[in-house]
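J.: Please take these sequences and the hints and turn them into a complete structure.
Quick note: this note's numbering has the sequence shown finishing at residue 579, numbered continuously throughout.
Warning: the hint list may mix true and false statements.
Unchecked claim - Simulated DEER-style distance windows between Cβ atoms:
1) Ala355 x His529: 26 to 34 Å
2) Arg87 x Thr491: 32 to 40 Å
3) Gly558 x Gln85: 45 to 53 Å
4) Arg397 x Gln85: 31 to 39 Å
5) His529 x Ala312: 49 to 57 Å
6) Arg14 x Ser151: 34 to 42 Å
7) Arg271 x Pro297: 27 to 35 Å
To be verified - Straight-line alpha carbon distances no greater than 20 Å define the calculated SDA-like cross-link-like pairs of lysine to any residue that follow:
8) Lys551 x Ser499
9) Lys308 x Lys231
10) Lys308 x Cys246
11) Lys231 x Val267
12) Lys155 x Lys231
For the record, the hints were derived by calculation from the structure and aren't laboratory data. In this text, a Cβ means the ideal position worked out from N, Cα and C, and glycines have one as well.
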Amino acid sequence: MKKGSELNRPLRVGMISLGCAKNLVDAEIMLGSLLRHGVEITNDATHADAVIVNTCSFIDAAQEESVDTILESVELRDAQQRGQAVIVSGCLPQRFRDELPKLLPEVDAFMGIDQVAQVGDIVTQALTHRAQRLEQKAAPKSRKKSVVSKLNALEKARPLDSAAADESLRGTDRFGQTRTVVTPSTPPSTAAPDTAPDANAPIVDVHARPNFIPDFDTPRFRLTPKHFAYVKIAEGCNHPCSFCIIPRMRGAHRSRTQADIVEEARRLLADGVKELNLISQDSTYYGLDLRPNHSRAISSPEKFTTAARALPADATTLCTLLRALNALPGDFWIRLLYTHPAHWTDELIATIAACPKVARYVDMPLQHIHEPMLERMRRETSQAYIVDLIRRLRAGIPGIALRTTFIVGFPGETEASFEVLRDFIRETRFERLGIFTYSREDGTRAAKMEHQVTDRVKQRRREHAMAEQLLVARAVAQGQVGRTMTVLVEGEASGKQLEKASVSSWEHGLIRSDDEHQTRLRGHFLVARGEADAPDIDGRVFIRAKPHQLPVGEFTRVRILGHTDYDLIAEPAA
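T.: This is how it looks when you write it as structure tokens:
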């Protein structure tokens, strides 16, 4: 509770955001909404009236990190500021909306993805709830190991939900229906005398199947540097991938209108943004749900191509969106992230080739190449289709850099099928590549499959696959030496960046490991990115220059002098 002069200051809220860029946008919307409510944002949790933990539940390791962060926040609260409210948002409460209040009773409120713009009201409710709790018996404390094991057990016990079990539901209105879960209690009409609502239980405001999508006027406080931004063009996913829990957490695919996205882009560019990173669960599906009578799933390439060709001339698609963004005035990049191989068309390839502001870069997770693995993963693509698509991309968009990710150790993956993947990595020579070890996500089809692979074998296969890619990456980097390229200057390179480049992502797998050649980087360097380098997940360009020599957040031309395993070394071009 506030005392003395504290009564006159605004509420202070801190936030910890975990997970992917899509989760980051949700965090930015929450912060923007809080600022509109007159709330003060703080980076110091000990001075915050409320702390929000925006969670990830993509794979087991991400889920464990989320639980760990929640319990650490609660422990800090209990030790230093007992009146502080702890609020949990994001994918974890979406996945376990009914169970979390019982497993984490010390949390004051749980909120879903649909509630990000209403976070101000939830913070107010959580603070009131926290004050009431302090006057009552303290809630029992949870333990990380117990919480994580119970969450896993709950997923094992529950059947696949109807949307996951029935592929025909994906893309339909019924798949996207929502149910609001309020503070758990028994309805008054049926409640027994000894089952009154527990006033000490956490507040819960989560939709079972989210349907929120932001618009350009949604409050947003950007957490990225001034020169780049993420633009969420759609939410949710209609794909039936057997290993993925995202459709259950994020709901059905739903696209923003093109005019709305273009207006947001226009405002971002006016604010100094030089790179628009387009994100969604499946960016290549953008607009297809906006067509009339979009009642059936079109996951496969054949169904998707047929549906795309049947669209009216004025229909909204990713192609029309890219052309509209490319037509905006200014010097900037448009980067396309999270594309699905099943949804590429010749028109999209031609559109990218014809739009000079669209970066020559494609993020397209393939997950595997061996035919039986693709079938078990329910990827809707064949080996022959993928090989032909890569050929068409490289032929149709000269200079394109392809980024992909693969999963090793998927149930049923044999040494022979892994060797097929390894040969494919060696032969295809992806400019950017990451490797996941398969994460057995309870609640997915793959979790119930026979022939699960041991962790030891998964790890060995990842190491072997990344060793193969390391040879490719060195050759790709060597091919850049002597060339001149345009880069976007990020800032001065820190000593830590120069000494060690160790970057990983829940969505992109292992990006790089320790690089013995980094020890050669001594002196003053600026760090930049080229068209082939997405923020946070790809390589960097280290420029031998001092901060005053090149403007941060602007494009410049550099000449490539050398390379490390995954990064380039350059100097300003004459």
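J.: Each hint: holds or not?
T.: How the hints compare with the structure:
Checked against the given bound of 26 to 34 Å, the beta carbons of alanine 355 and histidine 529, roughly 43 Å apart, lie outside it. The given range of 32 to 40 Å is broken by arginine 87 and threonine 491, whose C-beta atoms sit roughly 53 Å from each other. Range check, glycine 558 to glutamine 85: about 37 Å between beta-carbon atoms, so the 45 to 53 Å window is missed. Checked against the hint of 31 to 39 Å, the C-beta distance between arginine 397 and glutamine 85 comes to roughly 58 Å, which is inconsistent with it.
The hint said 49 to 57 Å for the Cβ distance between histidine 529 and alanine 312, and at roughly 54 Å that hint holds. Between arginine 14 and serine 151 the beta carbon distance is about 38 Å. The supplied range of 34 to 42 Å therefore holds. Distance hint check for arginine 271 and proline 297: the Cβ-Cβ separation is about 28 Å, which falls inside the suggested range of 27 to 35 Å. For the given pair, lysine 551 sits about 12 Å from serine 499 by alpha-carbon distance, which is consistent with the 20 Å threshold.
For a cut-off of 20 Å, the pair hint linking lysine 308 to lysine 231 is broken: about 40 Å separates their Cα positions. Taking the CA atoms of lysine 308 and cysteine 246, the gap is near 16 Å; set against the 20 Å cutoff, the hint holds. Restraint check for lysine 231 and valine 267: satisfied, since their Cα atoms lie roughly 18 Å apart, inside the 20 Å limit. A hinted pair counts as satisfied when its Cα atoms are at most 20 Å apart, and lysine 155 with lysine 231 does not qualify at roughly 42 Å.
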